[in-house]
Amino acid sequence: MTEVTEYVIEVDKLTKRYGDLLAVNDISFTVNKGEVFALLGPNGAGKTTTVEIMDTIRTPTSGKVTLLGMDVTKNKHDIVHRIGVLPQGFSSFDRITVRETLQYYSRLFSGMKSDVDGLIELVNLKDKAKEQYKNLSGGLRQRLGIAIALVNNPEVVFLDEPTTGLDPRARREVWEVLQGLKKKGKTVILTTHYMEEAELLADTVAIISKGEIIAMGPPGELIKNNTNYLVLTLQSGDESVFGVVHKMGFEPVLSNHKDIKVRVEHTDDVLKILNAIRDAGALYRGLDVRNPNLEEVFLKMTGEALLVDSVGGKGKE
Amino acid sequence: MNLRVVVANLFVKLMSVYREKTAMFFTIAFPIILILVFGTIFMSQDNVEYHLCVQDLDQSNLSAQSLKSMQKDGKFKITMVSPDINAAQYIRDKKVNLVMVIPKGFERSLTQRVMLSDLKASVTITYVYDPSSSSVPTKIQILNAVLAGINQKISGKPPVILSVEKSILTRKYRFIEFFVPGIIAMAVMSLSLFGTVNLNTELRQKGIIRKLSTTPITRTDWILSDILYQFIIALVSTTAMLLVSYAVFDISLNIDAWLLVFILLDVFAFVGIGMILTRFAREAQSAAAAANAISFPMMFLSGSFFPIELMPGFLQTISKILPLYYVNEGLRAAMVFEDNMTALRCSVIIGAFASVVFILGILATKWEEGK
Ligand SMILES: Nc1ncnc2c1ncn2[C@@H]1O[C@H](COP(=O)(O)OP(=O)(O)OP(=O)(O)O)[C@@H](O)[C@H]1O
Ligand SMILES: [Mg+2]
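Residue numbers (the working numbering), protein chains in the order written: chain R, 1 to 317; chain P, 1 to 371.
Treat the hints as calculated values from the structure; they're not laboratory data.
Note that the coordinates shown come from a computational prediction; the quantities given were computed from them, not determined experimentally.
Heads up, the beta-carbon is just placed ideally off N, CA and C, and yes, glycines get one too.
Keep in mind that the hints are not guaranteed to be accurate.
[Said to hold, decoys possible] DSS-like cross-link-like pairs, simulated, lysine-lysine; straight-line CA separation at most 30 Å:
id: 1; chain 1: P; residue 1: Lys366; chain 2: R; residue 2: Lys74
id: 2; chain 1: R; residue 1: Lys130; chain 2: R; residue 2: Lys183
id: 3; chain 1: P; residue 1: Lys157; chain 2: P; residue 2: Lys139
id: 4; chain 1: R; residue 1: Lys182; chain 2: P; residue 2: Lys206
id: 5; chain 1: P; residue 1: Lys366; chain 2: R; residue 2: Lys76
id: 6; chain 1: R; residue 1: Lys130; chain 2: P; residue 2: Lys206
id: 7; chain 1: R; residue 1: Lys64; chain 2: P; residue 2: Lys206
[Stated by the list, open to error] Heads up, incomplete: computed chain P residues facing chain R, CB under 8 Å, no partners named:
id: 8; residue: Asn2
id: 9; residue: Arg4
id: 10; residue: Ala8
id: 11; residue: Pro216
id: 12; residue: Glu309
Using the sequences and the hints, build the whole thing.
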């Protein structure tokens with residue numbers, strides 16, 4: 001594709017108010033064809049509002065969304081044939097089986113021949129095809145939800161928090177399905193508050209907080225441009241470790257009640273800290289030095305933690 | 001309208017109830033239980049048949065014959081008490097409330113009177129009874145009337161004052177035959193109203209409504225499949241009610257196209273109200289509460305359970321503005337009185353009401369959430 005300027009989605013100065021509440025505040029971005037675009041942000045950031053305006057469920061207060069060349073507020077009828085949506089917290093008819101559910105949704109798109117078996121295989125539900133929805137676990141339900149979003153073979157797929165509330169294994173299985181979509185060349189709009197998910201799956205991440213996009217770009221670049229430090233983690237240190245590091249002028253943070261995380265600028269600092277701990281006779285069980293992640297980018301930009309597990313900033317004072 | 005879409009929706013809805021066996025059973029069983037309970041309670045009023053204990057001390061041909069003819073009248077079901085037993089003791093032991101005692105010499109005295117015109121010959125029948133029983137006075141009254149009739153006959157002269165009963169109906173109807181159409185009207189109302197409210201709030205909570213708004217399904221297809229679904233459920237329920245009523249109470253009702261017309265109008269009216277309620281009640285619970293607040297008074301005030309003539313005047317006025325009243329009246333006109341004019345008048349009124357609420361319901365139904 002040479003037409004780089006031909007965006008699949010263009011969001012232009014989008015604003016949404018609910019009464020006095022400004023849920024989405026003047027945001028603009030573009031999504032390329034075949035791209036996985038992730039909106040990463042904490043609860044109430046405005047992810048669902050943004051996505052549901054893009055996929056025609058809600059209407060904007062002001063601003064414009066152009067999807068596949070059409071204005072979403074004016075061409076809903078044409079747009080719905082070309083997009084697939086998994087709303088946040090979606091569940092299906094309790095007593096209807098996996099296969100029947102997919103048949104039902106595909107019948108709504110009359111004229112389209114959907115490959116129900118192919119979809120069942122794609123989301124790995126072959127041995128559950130005759131199972132009623134109410135008997136499926138959370139991960140299986142989400143995978144079915146993704147399959148439902150694909151019944152009309154859409155060009156653009158919107159997935160609002162497809163892995164929230166799933167255990168790590170179920171989440172990984174959903175990720176596999178999403179990677180499959182990416183291989184098929186679908187344009188995917190994904191919302192999440194898990195930074196690993198955005199880092200792993202997204203070509204572009206928009207970090208959203210309080211209705212505004214505070215950073216956007218490929219995850220690797222976002223990290224490189226916004227952070228210039230390493231993260232040292234000391235596992236299961238005794239209490240004196242915290243004090244030693246603190247006295248040296250660093251800002252250690254206690255996470256998970258046992259790990260101490262410290263932001264350092266050079267590998268030299270790591271050695272200095274380790275030496276100081278040894279000299280003080282304090283103990284730790286293990287250590288780990290790594291590059292920062294999106295979590296830390298978010299933290300740096302907002303001064304707030306995306307999730308509990310983070311480092312630096314307003315840690316323990 | 002897209003038939004494929006309507007059928008797909010219908011399939012999902014019917015499958016969902018069909019697989020929810022217990023819920024389906026209770027939905028259909030509830031009105032049937034009402035019919036069985038009320039029908040049994042009121043059956044005895046239709047067919048007043050008193051249980052009467054008789055002690056025949058005469059043991060003659062004539063006494064036996066008299067009793068037989070009393071039993072044939074149909075008012076009494078007679079149990080014979082052995083002449084050796086003390087009647088009062090029998091009442092206490094057997095927990096009955098009255099024993100009629102035919103004295104010794106019954107046949108002799110009567111023959112004397114009739115054959116020999118001996119005016120001094122007479123017979124005294126004794127009622128031994130338990131005064132604490134409330135049905136005793138009625139029983140004695142009826143027995144006295146029967147005896148008066150016998151006296152009259154024996155006297156051989158034609159009575160001076162005669163009476164004839166003339167019902168306004170061409171046939172004698174039983175209470176249960178008035179009751180069943182009322183229960184059909186009420187059951188269809190509840191099914192449609194609660195069915196619509198419950199289904200729509202459930203789908204909204206599940207996010208299915210939001211999902212559907214991103215598919216090509218139109219409001220018309222959606223509402224049409226809902227109406228069809230509720231109509232099918234109403235037909236199943238009505239059929240079950242009628243079958244049970246025929247089997248258990250041997251009712252005789254006129255079943256024709258009017259029944260379908262009124263069921264359909266009933267469905268339209270209350271699906272319409274259900275759609276309006278789901279739109280304005282944000283929470284599932286408040287929608288169900290609103291549905292209760294509407295349907296509960298309607299059941300009692302619109303004459304489903306008892307004739308509105310029994311209610312004070314101002315309540316009767318209220319009754320006549322309730323849509324269910326016209327379904328009740330219309331169904332009774334069609335099924336009991338075979339009065340097509342009244343059925344037509346009622347169907348026009350409920351039809352007009354149904355159209356208005358149904359259109360309001362369509363307008364109230366929105367795909368989008370939290371606009
Ligand atoms: N329909 C609505 N009416 C009023 N306020 C709303 C509505 N929907 C969302 N909000 C508010 O708008 C803000 C943004 O909500 P939104 O659902 O878009 O956030 P989100 O990023 O998707 O959060 P989450 O991770 O919890 O799903 C929140 O403060 C929310 O309470
Ligand atoms: Mg959300």
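Going through the hints against the structure:
| no. | hint | in the structure |
| --- | --- | --- |
| 1 | Lys366/P / Lys74/R | holds (17 Å) |
| 2 | Lys130/R / Lys183/R | holds (28 Å) |
| 3 | Lys157/P / Lys139/P | holds (27 Å) |
| 4 | Lys182/R / Lys206/P | holds (27 Å) |
| 5 | Lys366/P / Lys76/R | holds (14 Å) |
| 6 | Lys130/R / Lys206/P | holds (21 Å) |
| 7 | Lys64/R / Lys206/P | holds (29 Å) |
| 8 | Asn2 | holds (6 Å) |
| 9 | Arg4 | holds (5 Å) |
| 10 | Ala8 | holds (4 Å) |
| 11 | Pro216 | holds (6 Å) |
| 12 | Glu309 | violated (46 Å) |
Hint check: a violation occurs at hint 12 only; the rest are consistent with the structure.
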